[in-house]
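Q: Using the sequences and the accompanying hints, generate a full structural model.
Protein chains: 2
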Amino acid sequence: MIGRLNHVAIAVPDLAAASAQYRDTLGARVGAPQDEPDHGVTVVFIELPNTKIELLHPLGEDSPIKGFLDKNPSGGIHHMCFEVEDILAARDKLQAEGARVLGGAEPKIGAHGKPVLFLHPKDFNGCLIELEQV
Amino acid sequence: MIGRLNHVAIAVPDLAAASAQYRDTLGARVGAPQDEPDHGVTVVFIELPNTKIELLHPLGEDSPIKGFLDKNPSGGIHHMCFEVEDILAARDKLQAEGARVLGGAEPKIGAHGKPVLFLHPKDFNGCLIELEQV
Numbered sequence: 065m066i067g068r069l070n071h072v073a074i075a076v077p078d079l080a081a082a083s084a085q086y087r088d089t090l091g092a093r094v095g096a097p098q099d100e101p102d103h104g105v106t107v108v109f110i111e112l113p114n115t116k117i118e119l120l121h122p123l124g125e126d127s128p129i130k131g132f133l134d135k136n137p138s139g140g141i142h143h144m145c146f147e148v149e150d151i152l153a154a155r156d157k158l159q160a161e162g163a164r165v166l167g168g169a170e171p172k173i174g175a176h177g178k179p180v181l182f183l184h185p186k187d188f189n190g191c192l193i194e195l196e197q198v
Numbered sequence: 065m066i067g068r069l070n071h072v073a074i075a076v077p078d079l080a081a082a083s084a085q086y087r088d089t090l091g092a093r094v095g096a097p098q099d100e101p102d103h104g105v106t107v108v109f110i111e112l113p114n115t116k117i118e119l120l121h122p123l124g125e126d127s128p129i130k131g132f133l134d135k136n137p138s139g140g141i142h143h144m145c146f147e148v149e150d151i152l153a154a155r156d157k158l159q160a161e162g163a164r165v166l167g168g169a170e171p172k173i174g175a176h177g178k179p180v181l182f183l184h185p186k187d188f189n190g191c192l193i194e195l196e197q198v
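First to last, the protein sequences are chains A and B.
Residue 88 in this note's numbering sits at position 24 of the first sequence, with consecutive numbering throughout.
Residue 87 in this note's numbering sits at position 23 of the second sequence, with consecutive numbering throughout.
Keep in mind the hints are simulated off the structure, nothing from the lab.
Just to be clear, a hint being listed does not mean it is correct.
No copy is singled out in the list; a pair is fine if it fits within one copy or between any two copies.
As the list claims (entries may be wrong) - DSBU-like cross-link-like pairs, simulated, lysine-lysine; straight-line CA separation at most 35 Å:
id, residue 1, residue 2
1, LYS178, LYS116
2, LYS157, LYS116
3, LYS130, LYS178
4, LYS135, LYS157
A: Listed below in structure tokens is the structure:
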């Protein structure tokens, strides 16, 4: 069911510093910051040859990653995103096998403009998993 | 400098259960467990179309992931591994820019039989980064 690893998302306390570090110290291809007000984050995409890293920084008062950074002030790996062909079929299979979908079971439109769902970390070895329909 | 994302490593408390979940619930291609006594882990590789997930479980008394699982009993994302062409050149550049290499600066032979280094999470947004020469 799961396909490519679309991205690994890293919550960072200082987006400019983290971007500079990936660009200058690690020598990666780093994009410009993009505000995503509907998702409460500013995102910087890092293009690797086979996948992407997303740097996430809170935007606004209700950012979903504020709590994570409160608990992990240095930042940390926040989630990983797997691609699926049919997000409703994936959801139905996962729920039938007892996995919990976060925030209601209807897919939302994610930061890439595509339908996404998040799965409960307690059901997946402590890892927050995003599924994105591609 | 950094190239492909070689893998994302997930520490798991129950390797058989996690393997079955990735195979049966998430529908991924999951390999057989491999003991790596030199590294204190048993590893299961999950082959995605563009990269790998490595499930890690402690092996022996001095496993480097025992402390992580003590702190995160459900498991969690332990590290991510970027490929580099020349690990000594990468190390020298990183150290010159103030990044700390864990466990001494000499590359060790990693679980894939290739030279690896680990970078200090506090220098990289709370993320443990492995570099592997390919």
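Q: Each of the hints needs a verdict: does it hold here or not?
A: Verification of the supplied hints:
no.	hint	result
1	LYS178 with LYS116	both (16 Å within a copy, 23 Å between copies)
2	LYS157 with LYS116	both (27 Å within a copy, 23 Å between copies)
3	LYS130 with LYS178	within (23 Å within a copy, 38 Å between copies)
4	LYS135 with LYS157	both (32 Å within a copy, 31 Å between copies)
Consistency with the previously given hints is maintained throughout, with no hint failing.
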